[in-house]
Amino acid sequence: SKEKEGFFTGFAVFSTYKRGNIALISQSGMLNGGYLMHIMTKYPNLGFRYSCSVGNKMDLSEIEFLDYFIKDDTVNVIAIYLESFKNSRKFIELCKKARDMPNKTIILLRGGVTVQGQKATKTHTGSLAENSQLIDGVVKQSGVITATNFYELFQFARTFSLMYSSKKELPKKGNASFLAGSGGAGTITADLTVKYGLKLPLLGEKTYATLTDVFPEWMPPNNFAFVDIWPAMEKAMMNNIKPEVVTSRVYDALLKDPAIEGIFHMMFCSRQFIFMNNLD
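The sequence shown begins at 4 in the numbering used here and counts up by one.
Please note that the accuracy of each hint is not assured.
[Stated by the list, open to error] DSS-like, lysine-lysine: derived pairs with alpha carbons at most 25 Å apart: (1) K21 x K74; (2) K175 x K99; (3) K74 x K170; (4) K21 x K170; (5) K175 x K74; (6) K143 x K89; (7) K171 x K259; (8) K175 x K100; (9) K60 x K99; (10) K171 x K202; (11) K100 x K74; (12) K175 x K209; (13) K175 x K143; (14) K143 x K198; (15) K107 x K171; (16) K238 x K259; (17) K176 x K209.
For the record, the hints were derived by calculation from the structure and aren't laboratory data.
Whole structure, please, built from the sequences with the hints as guidance.
Pasting the structure below:
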(Lines of atoms letter the chains of each structure in order from A and count residues from 1; the text may use other names and numbers.)
(Lines give C-alpha, C1' and ligand atoms only; values in the text may rest on other atoms or scores of the structure.)
Protein backbone atom coordinates (compact mmCIF):
# COMPACT_ATOMS: atom_id res chain seq x y z
CA SER A 1 0.00 0.00 0.00
CA LYS A 2 1.05 3.65 -0.35
CA GLU A 3 1.06 4.06 3.44
CA LYS A 4 3.55 1.19 3.78
CA GLU A 5 5.67 2.42 0.86
CA GLY A 6 4.80 -0.63 -1.25
CA PHE A 7 4.88 -4.34 -0.61
CA PHE A 8 7.11 -7.00 -2.13
CA THR A 9 6.61 -10.75 -2.00
CA GLY A 10 8.76 -13.62 -3.17
CA PHE A 11 5.77 -15.53 -4.51
CA ALA A 12 5.64 -15.75 -8.29
CA VAL A 13 2.82 -16.71 -10.63
CA PHE A 14 3.86 -18.90 -13.54
CA SER A 15 2.08 -18.33 -16.81
CA THR A 16 0.97 -21.30 -18.86
CA TYR A 17 4.02 -23.15 -20.10
CA LYS A 18 4.70 -25.87 -22.61
CA ARG A 19 5.02 -29.44 -21.40
CA GLY A 20 8.14 -30.98 -22.85
CA ASN A 21 10.76 -33.67 -22.33
CA ILE A 22 12.98 -32.06 -19.65
CA ALA A 23 12.90 -32.99 -15.96
CA LEU A 24 14.63 -30.75 -13.42
CA ILE A 25 15.95 -31.94 -10.05
CA SER A 26 17.28 -29.09 -7.94
CA GLN A 27 18.68 -28.57 -4.46
CA SER A 28 17.82 -24.90 -4.81
CA GLY A 29 14.33 -23.44 -4.58
CA MET A 30 15.20 -20.38 -6.65
CA LEU A 31 16.39 -22.57 -9.52
CA ASN A 32 12.90 -24.08 -9.53
CA GLY A 33 11.31 -20.65 -9.21
CA GLY A 34 12.67 -17.37 -10.50
CA TYR A 35 15.41 -18.74 -12.74
CA LEU A 36 13.13 -21.39 -14.20
CA MET A 37 10.52 -18.72 -14.89
CA HIS A 38 13.19 -16.63 -16.62
CA ILE A 39 14.19 -19.58 -18.83
CA MET A 40 10.60 -20.41 -19.76
CA THR A 41 9.95 -16.76 -20.60
CA LYS A 42 13.07 -16.47 -22.75
CA TYR A 43 12.52 -19.82 -24.47
CA PRO A 44 8.73 -20.36 -24.60
CA ASN A 45 9.12 -23.41 -26.83
CA LEU A 46 11.40 -25.12 -24.30
CA GLY A 47 9.13 -27.60 -22.55
CA PHE A 48 9.53 -28.97 -19.02
CA ARG A 49 7.84 -32.20 -17.98
CA TYR A 50 8.73 -32.09 -14.29
CA SER A 51 10.41 -29.70 -11.87
CA CYS A 52 11.20 -30.69 -8.29
CA SER A 53 13.24 -29.23 -5.44
CA VAL A 54 14.79 -31.66 -2.94
CA GLY A 55 16.14 -29.06 -0.47
CA ASN A 56 17.79 -30.73 2.52
CA LYS A 57 16.44 -34.17 1.48
CA MET A 58 14.68 -34.98 4.74
CA ASP A 59 12.25 -37.30 2.95
CA LEU A 60 12.87 -37.57 -0.80
CA SER A 61 16.22 -37.10 -2.51
CA GLU A 62 17.63 -36.99 -6.02
CA ILE A 63 17.74 -40.80 -6.00
CA GLU A 64 13.97 -41.33 -5.92
CA PHE A 65 13.29 -38.68 -8.55
CA LEU A 66 16.13 -39.83 -10.80
CA ASP A 67 14.89 -43.41 -10.65
CA TYR A 68 11.36 -42.27 -11.56
CA PHE A 69 12.45 -40.03 -14.44
CA ILE A 70 14.64 -42.74 -15.96
CA LYS A 71 11.59 -45.01 -16.13
CA ASP A 72 9.35 -42.27 -17.58
CA ASP A 73 9.33 -42.43 -21.39
CA THR A 74 8.13 -38.82 -21.65
CA VAL A 75 11.43 -37.62 -20.13
CA ASN A 76 14.51 -37.49 -22.36
CA VAL A 77 16.67 -34.93 -20.55
CA ILE A 78 17.30 -34.82 -16.79
CA ALA A 79 18.95 -31.60 -15.56
CA ILE A 80 20.29 -31.79 -11.99
CA TYR A 81 21.70 -29.23 -9.56
CA LEU A 82 23.18 -30.80 -6.40
CA GLU A 83 25.20 -29.61 -3.44
CA SER A 84 25.56 -33.11 -1.96
CA PHE A 85 24.90 -36.75 -2.81
CA LYS A 86 22.44 -38.77 -0.73
CA ASN A 87 23.71 -42.13 -1.96
CA SER A 88 26.67 -41.87 -4.33
CA ARG A 89 26.73 -45.59 -5.22
CA LYS A 90 23.05 -45.59 -6.17
CA PHE A 91 23.54 -42.34 -8.10
CA ILE A 92 26.32 -43.93 -10.18
CA GLU A 93 24.19 -47.03 -10.75
CA LEU A 94 21.20 -45.03 -12.00
CA CYS A 95 23.31 -42.77 -14.22
CA LYS A 96 25.02 -45.75 -15.83
CA LYS A 97 21.60 -47.27 -16.44
CA ALA A 98 20.46 -44.07 -18.16
CA ARG A 99 23.67 -43.88 -20.19
CA ASP A 100 22.87 -47.23 -21.80
CA MET A 101 19.40 -46.06 -22.81
CA PRO A 102 18.96 -44.47 -26.27
CA ASN A 103 16.49 -41.84 -25.06
CA LYS A 104 18.07 -40.45 -21.86
CA THR A 105 20.67 -37.75 -21.17
CA ILE A 106 21.66 -36.54 -17.70
CA ILE A 107 23.30 -33.15 -17.12
CA LEU A 108 24.74 -32.29 -13.72
CA LEU A 109 25.71 -28.97 -12.14
CA ARG A 110 27.49 -29.31 -8.80
CA GLY A 111 27.52 -26.63 -6.13
CA GLY A 112 30.09 -26.41 -3.35
CA VAL A 113 33.19 -27.43 -5.30
CA THR A 114 35.45 -24.97 -3.44
CA VAL A 115 36.11 -24.41 0.27
CA GLN A 116 34.01 -21.24 0.30
CA GLY A 117 31.31 -22.93 -1.75
CA GLN A 118 31.16 -25.79 0.75
CA LYS A 119 30.70 -23.30 3.58
CA ALA A 120 27.83 -21.75 1.64
CA THR A 121 26.12 -25.12 1.13
CA LYS A 122 26.27 -25.81 4.86
CA THR A 123 24.22 -22.69 5.61
CA HIS A 124 21.96 -23.25 2.58
CA THR A 125 20.87 -26.89 2.77
CA GLY A 126 22.92 -28.17 5.69
CA SER A 127 25.12 -30.17 3.33
CA LEU A 128 28.35 -31.31 4.95
CA ALA A 129 31.64 -30.76 3.17
CA GLU A 130 32.54 -33.70 0.95
CA ASN A 131 35.94 -34.76 -0.32
CA SER A 132 36.32 -32.98 -3.66
CA GLN A 133 38.40 -35.77 -5.25
CA LEU A 134 35.88 -38.37 -4.09
CA ILE A 135 32.99 -36.44 -5.62
CA ASP A 136 34.96 -35.93 -8.84
CA GLY A 137 35.31 -39.70 -8.95
CA VAL A 138 31.57 -40.16 -8.47
CA VAL A 139 30.79 -37.76 -11.30
CA LYS A 140 33.36 -39.36 -13.62
CA GLN A 141 32.05 -42.87 -12.95
CA SER A 142 28.46 -41.79 -13.48
CA GLY A 143 29.19 -40.70 -17.05
CA VAL A 144 26.93 -37.65 -16.87
CA ILE A 145 27.48 -34.43 -18.79
CA THR A 146 28.77 -31.75 -16.42
CA ALA A 147 27.84 -28.07 -16.49
CA THR A 148 29.81 -25.33 -14.71
CA ASN A 149 26.98 -22.81 -14.18
CA PHE A 150 23.21 -22.38 -14.44
CA TYR A 151 23.48 -21.02 -17.97
CA GLU A 152 25.30 -24.11 -19.20
CA LEU A 153 22.90 -26.41 -17.34
CA PHE A 154 19.89 -25.04 -19.19
CA GLN A 155 21.64 -24.55 -22.53
CA PHE A 156 22.83 -28.16 -22.51
CA ALA A 157 19.35 -29.31 -21.52
CA ARG A 158 17.81 -27.15 -24.24
CA THR A 159 20.18 -28.52 -26.89
CA PHE A 160 19.50 -32.16 -26.07
CA SER A 161 15.78 -31.49 -25.74
CA LEU A 162 15.69 -30.14 -29.29
CA MET A 163 17.75 -33.05 -30.58
CA TYR A 164 15.40 -35.60 -29.03
CA SER A 165 12.35 -33.68 -30.26
CA SER A 166 13.70 -33.77 -33.82
CA LYS A 167 13.48 -37.59 -33.67
CA LYS A 168 16.96 -37.81 -35.17
CA GLU A 169 19.62 -40.22 -33.95
CA LEU A 170 22.07 -38.69 -31.50
CA PRO A 171 25.80 -38.70 -32.36
CA LYS A 172 27.65 -41.73 -30.99
CA LYS A 173 31.28 -41.26 -32.00
CA GLY A 174 31.64 -37.54 -31.33
CA ASN A 175 32.72 -36.80 -34.91
CA ALA A 176 31.89 -33.20 -35.72
CA SER A 177 32.64 -30.63 -38.38
CA PHE A 178 33.27 -26.97 -37.66
CA LEU A 179 32.32 -24.35 -40.24
CA ALA A 180 33.86 -20.94 -39.54
CA GLY A 181 34.12 -17.56 -41.22
CA SER A 182 37.15 -16.48 -39.22
CA GLY A 183 40.46 -18.30 -39.10
CA GLY A 184 41.41 -17.04 -35.64
CA ALA A 185 38.06 -17.60 -33.98
CA GLY A 186 37.79 -20.94 -35.74
CA THR A 187 41.19 -22.05 -34.43
CA ILE A 188 40.23 -21.25 -30.84
CA THR A 189 36.91 -23.03 -31.26
CA ALA A 190 38.65 -26.06 -32.79
CA ASP A 191 40.78 -26.24 -29.63
CA LEU A 192 37.63 -26.10 -27.49
CA THR A 193 35.97 -28.77 -29.62
CA VAL A 194 38.80 -31.20 -28.90
CA LYS A 195 39.04 -30.11 -25.26
CA TYR A 196 35.45 -31.16 -24.66
CA GLY A 197 35.90 -34.61 -26.16
CA LEU A 198 34.77 -34.12 -29.76
CA LYS A 199 36.76 -35.13 -32.84
CA LEU A 200 37.29 -33.43 -36.20
CA PRO A 201 37.58 -36.44 -38.55
CA LEU A 202 39.23 -36.64 -41.96
CA LEU A 203 36.92 -35.67 -44.82
CA GLY A 204 35.73 -38.26 -47.32
CA GLU A 205 37.01 -38.10 -50.91
CA LYS A 206 33.72 -36.73 -52.32
CA THR A 207 33.49 -34.13 -49.57
CA TYR A 208 37.04 -32.94 -50.10
CA ALA A 209 36.52 -32.81 -53.87
CA THR A 210 33.47 -30.56 -53.44
CA LEU A 211 35.32 -28.24 -51.08
CA THR A 212 38.32 -28.10 -53.42
CA ASP A 213 36.00 -27.01 -56.22
CA VAL A 214 34.57 -24.05 -54.28
CA PHE A 215 37.85 -22.97 -52.65
CA PRO A 216 40.49 -20.89 -54.48
CA GLU A 217 43.73 -22.56 -55.58
CA TRP A 218 45.76 -20.20 -53.42
CA MET A 219 43.95 -21.37 -50.27
CA PRO A 220 42.80 -25.00 -50.54
CA PRO A 221 40.57 -26.48 -47.81
CA ASN A 222 41.79 -28.61 -44.91
CA ASN A 223 41.51 -32.36 -45.38
CA PHE A 224 39.86 -32.71 -41.97
CA ALA A 225 36.50 -31.42 -40.74
CA PHE A 226 37.54 -27.88 -39.86
CA VAL A 227 36.33 -25.61 -42.66
CA ASP A 228 37.32 -21.93 -42.75
CA ILE A 229 34.86 -20.93 -45.46
CA TRP A 230 36.08 -17.34 -45.90
CA PRO A 231 38.46 -18.04 -48.85
CA ALA A 232 35.59 -19.81 -50.65
CA MET A 233 33.41 -16.75 -50.03
CA GLU A 234 36.06 -14.47 -51.55
CA LYS A 235 36.28 -16.68 -54.65
CA ALA A 236 32.49 -16.65 -54.97
CA MET A 237 32.25 -12.86 -54.71
CA MET A 238 34.99 -12.40 -57.33
CA ASN A 239 32.91 -14.57 -59.67
CA ASN A 240 29.60 -12.83 -58.82
CA ILE A 241 28.27 -15.92 -57.04
CA LYS A 242 26.05 -15.40 -54.01
CA PRO A 243 27.66 -16.50 -50.70
CA GLU A 244 24.65 -18.65 -49.79
CA VAL A 245 25.24 -20.78 -52.88
CA VAL A 246 28.72 -21.66 -51.64
CA THR A 247 27.54 -22.23 -48.07
CA SER A 248 24.76 -24.55 -49.26
CA ARG A 249 27.20 -26.61 -51.34
CA VAL A 250 29.60 -26.96 -48.41
CA TYR A 251 26.75 -27.84 -46.05
CA ASP A 252 25.39 -30.43 -48.46
CA ALA A 253 28.81 -32.07 -48.80
CA LEU A 254 29.39 -32.18 -45.04
CA LEU A 255 25.91 -33.53 -44.29
CA LYS A 256 26.40 -36.37 -46.79
CA ASP A 257 29.80 -37.34 -45.36
CA PRO A 258 29.24 -40.55 -43.33
CA ALA A 259 32.13 -39.71 -41.01
CA ILE A 260 30.47 -36.50 -39.78
CA GLU A 261 27.70 -36.71 -37.18
CA GLY A 262 27.10 -33.02 -36.56
CA ILE A 263 28.06 -29.53 -37.72
CA PHE A 264 28.97 -26.45 -35.69
CA HIS A 265 28.57 -23.23 -37.68
CA MET A 266 29.96 -19.91 -36.48
CA MET A 267 27.85 -17.22 -38.15
CA PHE A 268 27.88 -13.45 -38.40
CA CYS A 269 24.72 -11.54 -37.52
CA SER A 270 23.70 -10.06 -40.84
CA ARG A 271 20.87 -10.20 -43.34
CA GLN A 272 23.01 -12.33 -45.62
CA PHE A 273 22.63 -15.29 -43.28
CA ILE A 274 18.83 -15.18 -42.93
CA PHE A 275 18.65 -17.81 -45.67
CA MET A 276 20.23 -20.30 -43.23
CA ASN A 277 16.90 -20.54 -41.41
CA ASN A 278 15.45 -22.20 -44.49
CA LEU A 279 18.04 -24.97 -44.73
CA ASP A 280 16.54 -28.40 -44.15
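Sort out which numbered hints this structure fails and list those numbers smallest first. Nothing - there is no hint that the structure violates, so all of them hold.
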